[in-house]
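Q: Listed below, chain by chain, are the residues.
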Amino acid sequence: MEWSLFMKCEDMLAVLNEYVDSTIDPSICAEFEQHMAGCNPCQVVVDNIRQTITLYKNGQPYELPVRFQEQLYEALRERWKEKFSAK
Amino acid sequence: MTARTAPDPSDDELVLRAKAGELSAFENLVQRHEKRVYSLAWRMLRQEQDAEDVTQQTFLSALEHLDGFRGEAGFATWLLRIAAHAALKTLRKNRGLDMVSLDAATATTEPEEPIPHPEYIADWRQSPAQLVERNETRRLLDEALASLDEKHRLVFLLRDVEGLSVRDTADALGLGEANVKVRLLRARLQLRELLTRTLGDPQSRVGRAPHHHG
Chain A
1 MEWSLFMKCE
11 DMLAVLNEYV
21 DSTIDPSICA
31 EFEQHMAGCN
41 PCQVVVDNIR
51 QTITLYKNGQ
61 PYELPVRFQE
71 QLYEALRERW
81 KEKFSAK
Chain B
1 MTARTAPDPS
11 DDELVLRAKA
21 GELSAFENLV
31 QRHEKRVYSL
41 AWRMLRQEQD
51 AEDVTQQTFL
61 SALEHLDGFR
71 GEAGFATWLL
81 RIAAHAALKT
91 LRKNRGLDMV
101 SLDAATATTE
111 PEEPIPHPEY
121 IADWRQSPAQ
131 LVERNETRRL
141 LDEALASLDE
151 KHRLVFLLRD
161 VEGLSVRDTA
171 DALGLGEANV
181 KVRLLRARLQ
191 LRELLTRTLG
201 DPQSRVGRAP
211 HHHG
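Going down the list, the protein sequences come from chains A and B. Per the numbering used here, residue 1 is the first one in the first sequence, and the count goes up by one each step. Per the numbering used here, residue 1 is the first one in the second sequence, and the count goes up by one each step.
Worth flagging that the hints you see were computed from the coordinates, not collected in a lab. Glycine residues also receive a C-beta, built at the ideal position from the N, C-alpha and C atoms. Check each hint, because a few of them may be wrong.
Here are a few chain B residues that face chain A, going by a calculated C-beta distance under 7 Å [to be verified]:
id	residue
1	L16
2	A20
3	E52
4	Y120
5	L148
6	K181
For lysine-lysine, the following DSBU-like pairs were computed, each having C-alpha atoms within a straight-line distance of at most 35 Å [as the list claims (entries may be wrong)]:
id	chain 1	residue 1	chain 2	residue 2
7	A	K83	B	K181
8	B	K93	B	K35
9	A	K57	A	K8
10	B	K35	A	K83
11	B	K89	A	K83
12	B	K181	A	K81
13	A	K8	B	K89
14	A	K8	B	K19
15	B	K181	B	K93
16	B	K181	B	K89
17	A	K8	B	K35
18	A	K81	B	K19
19	B	K181	A	K57
Based on the provided sequences and hints, a complete structural model is requested.
A: Shown next as structure tokens:
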């Protein structure tokens with residue numbers, strides 16, 4: 001594990017979001033990558049964060065219980081009638 | 001020859017038709033977005049009845065205020081914003097007098113606590129694609145999410161799960177973008193920490209990182 005001359009692990013936290021979201025300023029990005037090249041913990045943390053986001057993003061949404069779904073559409077139809085008959 | 005089917009109408013088009021009084025267009029919109037709204041509510045409240053109430057309130061409110069929807073941010077973003085506020089309101093109601101936490105959820109300044117440093121650093125034993133197939137993964141993800149402070153959880157759900165931009169997330173919650181970014185960073189770091197403790201390969205664990213001096 002080496003300390004980069006320019007960027008420390010500490011500094012990494014400040015730009016982590018932008019790096020992971022690819023919205024990082026290109027010059028900072030180059031410095032960040034230079035740091036990571038010599039810093040295994042930072043590489044692993046970035047990797048872990050990307051995997052964490054992917055896992056949540058790709059998770060299945062919750063299904064509405066069928067009973068509730070029927071009730072929901074019924075309630076919406078009722079309200080719809082009120083709304084448009086009042087116009 | 002196969003019959004050509006018309007492409008699915010866009011949300012904007014359905015909104016226009018719904019505004020003109022076409023119930024089926026509105027129902028189509030509900031169908032498209034009901035799972036996202038319900039999932040957000042469930043993940044915020046972790047209780048089926050509350051999640052149902054919030055979902056119903058969200059769509060009733062959308063119906064009520066449809067005329068006021070101008071389409072700047074997209075229909076899904078607009079709905080999720082309504083759902084986020086309904087969920088926060090329910091959390092407040094459930095807490096009774098304890099309003100501090102909700103006020104914190106919509107407070108516009110983040111207390112300046114230091115960002116927690118990564119502690120457990122290790123490669124994961126399986127890829128997200130393998131993990132997503134496993135039944136126990138959902139429980140792990142839900143539990144990790146539930147342990148987040150709700151103001152961090154809500155930002156993570158809107159930004160990383162629902163894919164809203166930082167800007168739209170900020171608008172939806174009435175927060176500044178800088179604030180959203182800080183909350184997002186905390187959420188991501190905390191979830192990474194929790195998941196890696198379970199999913200990390202102890203063999204590959206990196207010793208205490210050089211973050212931990214002083």
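Q: It remains to establish, for every hint, whether it holds in the given structure.
A: Here's how the hints hold up against the structure:
no. : hint              : result
1   : L16               : 15 Å, violated
2   : A20               : 10 Å, violated
3   : E52               : 5 Å, holds
4   : Y120              : 9 Å, violated
5   : L148              : 11 Å, violated
6   : K181              : 6 Å, holds
7   : A:K83 with B:K181 : 40 Å, violated
8   : B:K93 with B:K35  : 24 Å, holds
9   : A:K57 with A:K8   : 30 Å, holds
10  : B:K35 with A:K83  : 25 Å, holds
11  : B:K89 with A:K83  : 25 Å, holds
12  : B:K181 with A:K81 : 43 Å, violated
13  : A:K8 with B:K89   : 42 Å, violated
14  : A:K8 with B:K19   : 55 Å, violated
15  : B:K181 with B:K93 : 28 Å, holds
16  : B:K181 with B:K89 : 23 Å, holds
17  : A:K8 with B:K35   : 42 Å, violated
18  : A:K81 with B:K19  : 13 Å, holds
19  : B:K181 with A:K57 : 18 Å, holds
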